[in-house]
Amino acid sequence: MKWSQFFNTSIGKKLLVGATGFFLCSFVLVHLAGNLQLLYKDGGKAFNTYAQFMGHNSLIQFLAWGLKIVIVLHAFVALQLTISNRAARPVKYQVNPGNQTSSWFSRQMAIMGSILLIFIVVHLAQLWAPFHYSDMPTQSYEGVSEPIKDLYSVTYALFQNPLWVVLYVVGMAALSFHLIHGFKSAFQTFGLNHSKYNGLINFIGLWLFGIAIPVAFAAIPVVIYLNK
Amino acid sequence: MLNAKIPAGPLNTKWEDYKGHCKLVNPANKRNLEIIVIGTGLAGASAAASLGELGYKVKAFCFQDSPRRAHSIAAQGGINAAKNYQNDGDSVYRLFYDTVKGGDYRAREANVHRLAEVSGNIIDQCVAQGVPFAREYGGLLSNRSFGGTQVQRTFYAAGQTGQQLLLGAYSALERQVALGNVTMYSRHEMLDIVKIDGKARGIIARNLITGQLERHFGHAVLICSGGYGNVFFLSTNAMGSNVTAAWKATQNGAYFANPCFTQIHPTCIPVSGDHQSKLTLMSESLRNDGRIWVPKKKDDNRKASDIPEEERDYYLERRYPAFGNLVPRDVASRAAKERCDAGYGVGTSKQAVYLDFAAAIERYGSIEANKRQMHGVSKEEIIKLGKEVVAEKYGNLFDMYAKITGENPYETPMRIYPAVHYTMGGLWVDYELQTTVPGLYSLGEANFSDHGANRLGASALMQGLADGYFVLPYTIGNYLADEIRVKAIPTDHPAFAEAESKVRDRIAKLMSIKGTKSVDFFHKKLGKIMWDKCGMARNEQGLKEAIEEIKALRAEFYKDVRIPGDENEFNPELEKAGRVADFLELGELMCIDALNRRESCGGHFREESQTEEGEAKRDDENFSYVAAWEYKGPSDYVLHKEELVFEEVKPTQRSYK
Amino acid sequence: MEHYNMNLTLKVWRQKNKNDQGRFETLQAKNISSEMSFLEMFDVVNEELINEGKEPIAFDHDCREGICGMCSMHINGRAHGPWDGTTTCQLHMRAFKDGDTITVEPWRAGAFPVLKDLTVDRSAFDRIIEAGGYVSVNTGNAQDANNIPVEKHKADLAFAAAACIGCGACVAACKNSSAMLFVSAKVSQLALLPQGQPEKRTRALNMVAQMDKEGFGSCTNTGACEAECPKEISLTNIARLNREFINAGFTTEK
Chain A
55 MKWSQFFNTS
65 IGKKLLVGAT
75 GFFLCSFVLV
85 HLAGNLQLLY
95 KDGGKAFNTY
105 AQFMGHNSLI
115 QFLAWGLKIV
125 IVLHAFVALQ
135 LTISNRAARP
145 VKYQVNPGNQ
155 TSSWFSRQMA
165 IMGSILLIFI
175 VVHLAQLWAP
185 FHYSDMPTQS
195 YEGVSEPIKD
205 LYSVTYALFQ
215 NPLWVVLYVV
225 GMAALSFHLI
235 HGFKSAFQTF
245 GLNHSKYNGL
255 INFIGLWLFG
265 IAIPVAFAAI
275 PVVIYLNK
Chain B
17 MLNAKIPAGP
27 LNTKWEDYKG
37 HCKLVNPANK
47 RNLEIIVIGT
57 GLAGASAAAS
67 LGELGYKVKA
77 FCFQDSPRRA
87 HSIAAQGGIN
97 AAKNYQNDGD
107 SVYRLFYDTV
117 KGGDYRAREA
127 NVHRLAEVSG
137 NIIDQCVAQG
147 VPFAREYGGL
157 LSNRSFGGTQ
167 VQRTFYAAGQ
177 TGQQLLLGAY
187 SALERQVALG
197 NVTMYSRHEM
207 LDIVKIDGKA
217 RGIIARNLIT
227 GQLERHFGHA
237 VLICSGGYGN
247 VFFLSTNAMG
257 SNVTAAWKAT
267 QNGAYFANPC
277 FTQIHPTCIP
287 VSGDHQSKLT
297 LMSESLRNDG
307 RIWVPKKKDD
317 NRKASDIPEE
327 ERDYYLERRY
337 PAFGNLVPRD
347 VASRAAKERC
357 DAGYGVGTSK
367 QAVYLDFAAA
377 IERYGSIEAN
387 KRQMHGVSKE
397 EIIKLGKEVV
407 AEKYGNLFDM
417 YAKITGENPY
427 ETPMRIYPAV
437 HYTMGGLWVD
447 YELQTTVPGL
457 YSLGEANFSD
467 HGANRLGASA
477 LMQGLADGYF
487 VLPYTIGNYL
497 ADEIRVKAIP
507 TDHPAFAEAE
517 SKVRDRIAKL
527 MSIKGTKSVD
537 FFHKKLGKIM
547 WDKCGMARNE
557 QGLKEAIEEI
567 KALRAEFYKD
577 VRIPGDENEF
587 NPELEKAGRV
597 ADFLELGELM
607 CIDALNRRES
617 CGGHFREESQ
627 TEEGEAKRDD
637 ENFSYVAAWE
647 YKGPSDYVLH
657 KEELVFEEVK
667 PTQRSYK
Chain C
7 MEHYNMNLTL
17 KVWRQKNKND
27 QGRFETLQAK
37 NISSEMSFLE
47 MFDVVNEELI
57 NEGKEPIAFD
67 HDCREGICGM
77 CSMHINGRAH
87 GPWDGTTTCQ
97 LHMRAFKDGD
107 TITVEPWRAG
117 AFPVLKDLTV
127 DRSAFDRIIE
137 AGGYVSVNTG
147 NAQDANNIPV
157 EKHKADLAFA
167 AAACIGCGAC
177 VAACKNSSAM
187 LFVSAKVSQL
197 ALLPQGQPEK
207 RTRALNMVAQ
217 MDKEGFGSCT
227 NTGACEAECP
237 KEISLTNIAR
247 LNREFINAGF
257 TTEK
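Listed in order, the protein sequences are those of chains A, B and C. Just so we're aligned, residue 55 is where the first sequence starts under the numbering used here, counting upward by one. Just so we're aligned, residue 17 is where the second sequence starts under the numbering used here, counting upward by one. Just so we're aligned, residue 7 is where the third sequence starts under the numbering used here, counting upward by one.
It is worth saying that the hints were derived from the structure and are not from the lab. Note that CB positions come from ideal geometry on N, CA and C, so glycine has one too. Hints should not be assumed to be uniformly reliable.
[Stated by the list, open to error] Among chain C residues calculated to face chain B with C-beta under 10 Å, some are: (1) 57; (2) 141; (3) 158; (4) 162; (5) 198; (6) 218.
The task is simple: from the sequences and hints, build the whole structure.
Laid out in structure tokens, this is it:
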């Protein structure tokens, strides 16, 4: 089977979704580590120098563009699968089993993914695009040779608006629901299902990626808003 | 006298000699020879696959939606083979001997010996296909015991051996479909044989979805359509199991042999009410460990657990100490009927006996505790361990029992009662499995050949696969070698047109009755007549009455049956009507045969012919023959006899004491 | 077990043939015994319909002991009804109570077109098996059965996978109409056994390709198939199929 055929099969496509999903999980972890610096009460020094580094290191920039491609690929292939999955049942059931036979999370991947995608677009438009493509107030710090863009203050300003806080919390709820199923599902897609390790995988999927990470992300706007 | 064409020579070299001397068809000619296979159970699927592998052009037909659904799939306990892996004294001869004896000396020695010879190859073939038989920790195959034998020669896959064997044959069949050697016609029912110049040359089949009649040519036709136990309405057969294909063969000149030889299986779940549509078997393998008993007191209404050990009658162990609970099926069934008729039955209907695992659970629990080096454990602990072992051995059967009855068989003994299970009779075939119509063959349960008057457990799977994998692929060449000059006959030949119009008329006749009663109404009535008068015990008067009752019922059927819907569409009622119409003829023939055979043998018990202890009494002087009936018209049959010659085994009164 | 009788309202899908639109019909089932199987309840309803001169409901069934895989009904939103690990024919009316309304639909999947009422065409499964669900061993080619020892644990796993009855409940239960559980059961059975090794790569690739071609959806690991499978085939088989498929895709040369 040629590669082109392989990745056109249902399992091949799912492998793409799973592999890109794993990459995105690792990104989420790194991104959270960086963002938590927003909560340091240091006038934004740690966060802004971090942002400066991330924004100007060429390897990071290369990865960042790769990340966007991965997101698009993940969404595109998943959308393709979703469309064909819907088409596989032209006449629907009148009575559905609901949560009796499968978890609610596992059935909402496309919806949660779509909410996340919208969130990501808004998020990029609000913080990433201005940082890279427009003038932003700068800030000087001791030990930093020149003034750097003050993304920290921009972020704080953004989350004074409760509407955005809510949007970010909703976005993170979607992330949570997406990953509660998505993380362990990707392991299954890669064929990694083993009674000795399933417990660990499920634990990490639920508690780290499904709960801890989204809650920590969501905490940032909430804390900023409450501390105004 | 019928000639079975048994090769000359000593019994144990007949098959070798035959194979060495039969005619062969070269590969180029095989491509031009077409073979029709009716039915895709173990016999049909294995034959179709093997013939496809040899290069013949095969067309296989089944009425189900997929060949994998044939009722062989429901066989539970296992398949016998003379492998002697257990080093317990088994051999080809012993398997042969057990089968002839188990069949109460009414089977043909040469066929049975051949069956025993190829039995080992079947296991090899199935394992090579990936059939997941049960294994021991060392990775080798496991065996268990079955009724009527004293060695462990039964190979099994939990309680789903038939399923696994059929799926093996089905996968081989599908491989041939993929390779283009076999064309599969699912949801098709064969409704007539086409004969040209006295030879079987094709069939008329109905596409069950569209209702269209189709003509199919074949140089030979194989009937592998299973048994006719559904003539009793209630049986362990599938709802669709029927005699139609075999009956059309009969109507076209193939003789029907020993129709009265029916196997009543001792361990089935009892009838629960009038709504009952079929009966469910609890595998004979359960008799390895379960003990059968009834209360010693008549009409004892206490719960099983309240009846103390000394007030229980383990009647099989009492009557047959040598074989105990593992006596052959006919013996076990009659013994259960005897107890129930005498008023010792249990359950609300009083038509049941107990199959009890309490002792086995305790025994296995102790063994398990020893294995795990657990000492001084409580009885509860032992019972818990024992239940786990029993669950591993028979879990699926226990679950099935619980679903059907709503009772937990781990806690209370199962209630069981005999039910119609298998039919030893069938189309008469010679040594080559050919019927009395040239080019028309019959394999598996559809033929009569190997089980005599009673089949031993785990031998049906063996016979179906032996016929399909290892016997017919050789013997059919002997016939087809002379057919290589016969070009495929176009299906516009007048014989096809005539057969098709006959089928069309028959369907039109059924559809035009427009009576008031459903097909099932008649089927149930027929079943009741058969069960009451041609069931576990038969007598002259009852059989004579049954014949008249069936005739009357048949007349009523043709006056008053109601078949809704249309013939040119998917119409399950029409399918059933056709099958019941055939059962209404077969049932009568069964009674005629039972009436004719004034002896008891195996599953055929004539009350007039029994020993003082109530055991079946054969009459070898007058009835050591196969009764093959020629169809001349409804109620008009001519008896032909095939004398049974026993060179190796001397018929004696069967004893399992 | 207490026996009882009940009256039920049935909402049953009626469809004359493949081309008909189909609709629900409401029927009354009276005096149904708790001892009946679900299909025996249908027998009673059909008998009634025939007596009234109406067409009975067409449904697939054969062995009625849970092994042939022919029966197929979506009952109150559940493939094979409310009991776990049970086919429709083994579902008993004890599962319902007097006055219940039961909605019965055919398997719904593009790859399983409705033929009539509750009867669907599952021949897609046969074609998937044709694509590689076998060991290529002609009759007569086999060596002695005990020449191939198989680790008991693996033999047991192979058997558990081979227990699939091909009923299609996995497809019916899956929100994507995916046939992965069915395909994985056969691929697993043969991948676990030494006999299946020579063809393991082509088998996985070809069976998956055929599955896609038939129009089944893809697996999103919701687990509904496993929950509804009457033979309780495990999701670990799907993981094994994925491994087999990845391995084959990455290593076959053609």
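Hints, verified against the model:
{"no.": "1", "hint": "57", "verdict": "7 Å, holds"}
{"no.": "2", "hint": "141", "verdict": "5 Å, holds"}
{"no.": "3", "hint": "158", "verdict": "5 Å, holds"}
{"no.": "4", "hint": "162", "verdict": "8 Å, holds"}
{"no.": "5", "hint": "198", "verdict": "8 Å, holds"}
{"no.": "6", "hint": "218", "verdict": "17 Å, violated"}
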